[in-house]
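> The chain contents come next:
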Amino acid sequence: MWCSIEEMEIKPMDKYRCIVCGYVYDPQIGDPDDGISPGTAFQDLPDSWVCPECGVGKDMFEIL
Amino acid sequence: MTMRDLSTYAENTWCLGCGNFAILNSMKAVLNVLSEEGFPLEKVVLVSGIGCHAKIVDYINVNSFYAIHGRVVPVATGIKLANPDLKVIGFAGDGDAYGEGLEHLVFAAKRNIDITMIIHNNRVYGLTTGQYTPTSPLGFKGRSTPKGTVELPLNPVELMLTAGATFIARGYSHGIELLKRIFKQAINHKGFSFIDVLQVCVTFFNMYEYYNKRVYELEDDDLQNYDEALRKIREWDYNSDAPIALGTFYKREIPTFEERLLEHKAKAGDRDSKIKEILEQAI
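Protein chains in written order, with the numbering used here: chain Z, 1 to 64; chain B, 1 to 283.
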């Protein structure tokens, strides 16, 4: 799938860390056990996605 | 092959931030792998006790049994003896397994019954809102000990080694990849497998920061060396400040309880038929 450079800037492949338990979401790995393919940016995770280690939502993650 | 959906209709009621999520998600992932490898999940039975951990069997769509407090091991043992083809996986809390039901755990290790026991060790009674357990550190202040406990904690991993467990590991709820690895090894181990999971209770004993600064991962080598396992296990006593090893400490293969029992029964069966044969000839 093609995307513009602007889109890439909006959706960087940054890692995010759960501020509760320390789990790191790495977009290169995704979360295959929960149906999230490698290459999925944190911003593209569905709102229903939660930390696989402690269950908190995306709002409890900070950029690394 | 697509992942089998192991979710259930039950709403998850654990606190947000609870380490039980890591155990749940690790187990679902491992069961999916077993299924993909050809093991029918109809032959898996989960058993849980009483406590926050116990809800895990509500959240995984395979056969399960809710035991009473401290009795996960005897129920799991009975299921395994009734049908040795089943993979029986028990979940218990630290209050459940190291308090009320400690003797069952010791005898399961001694007998080497082929079941897996996963202990959600949050080191506090969470469901009853924060009393100390056998693994709470000295001085722990909870609802039943407002001035702090006056007793040292148990090292359950050391106890399991000396009791005869043939697979011994420790995991941590912030460490899902390691949990998946050791769960799979434990389930595939022929004999009694024991995993102590440092599972953080975010509400009554939040140890994330403490553990994150101290945990490290063991190399999977020389796993049959009892003395070396004991040395690694004693590095941290669940009380003092020390590095906390995660991973597999010990593994060896010896005949299981059910193998010895069934062999004994088969021999007894031969004897009965011979007695019958002699009696029939005599009459």
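It is possible that part of the hints are untrue.
Claimed, not checked - Between beta-carbon pairs, the in silico distance windows are: (1) B:P255 x Z:M13: 49 to 59 Å; (2) Z:A41 x B:Y216: 22 to 32 Å; (3) Z:Q43 x B:E259: 46 to 56 Å; (4) Z:I63 x B:D222: 38 to 48 Å; (5) B:Y216 x Z:I19: 16 to 26 Å; (6) B:P243 x Z:I29: 44 to 54 Å; (7) B:T8 x Z:G57: 37 to 47 Å; (8) Z:G39 x B:P255: 24 to 34 Å; (9) Z:M13 x B:L261: 48 to 58 Å.
Claimed, not checked - Below, simulated DSBU-like cross-link-like pairs (lysine-lysine); rule was C-alpha separation at most 35 Å, straight line: (10) B:K184 x Z:K58; (11) B:K190 x Z:K58; (12) Z:K15 x B:K190; (13) B:K180 x Z:K15; (14) B:K267 x B:K55.
Hints in this document: simulated from the structure, not taken from any laboratory. We treat Cβ as the ideally placed atom computed from N, Cα and C, and that holds for glycine.
> If a hint holds in the structure, say so; if it doesn't, say that too.
Hints and how they fare:
1. B:P255 x Z:M13: 49 to 59 Å: Given a distance of about 52 Å, which is inside 49 to 59 Å, the answer is holds.
2. Z:A41 x B:Y216: 22 to 32 Å: holds, 31 Å
3. Z:Q43 x B:E259: 46 to 56 Å: For Q43 of chain Z and E259 of chain B the Cβ distance comes to about 54 Å; the hint holds.
4. Z:I63 x B:D222: 38 to 48 Å: Distance hint for I63 of chain Z, D222 of chain B holds at roughly 41 Å.
5. B:Y216 x Z:I19: 16 to 26 Å: holds, 22 Å
6. B:P243 x Z:I29: 44 to 54 Å: violated, 27 Å
7. B:T8 x Z:G57: 37 to 47 Å: violated, 21 Å
8. Z:G39 x B:P255: 24 to 34 Å: violated, 48 Å
9. Z:M13 x B:L261: 48 to 58 Å: About 56 Å separates the Cβ atoms of M13 of chain Z and L261 of chain B, which means 48 to 58 Å holds.
10. B:K184 x Z:K58: holds, 29 Å
11. B:K190 x Z:K58: violated, 40 Å
12. Z:K15 x B:K190: Roughly 39 Å between the alpha carbons, so the hint for K15 of chain Z and K190 of chain B is violated.
13. B:K180 x Z:K15: holds, 22 Å
14. B:K267 x B:K55: Violated, at roughly 42 Å.
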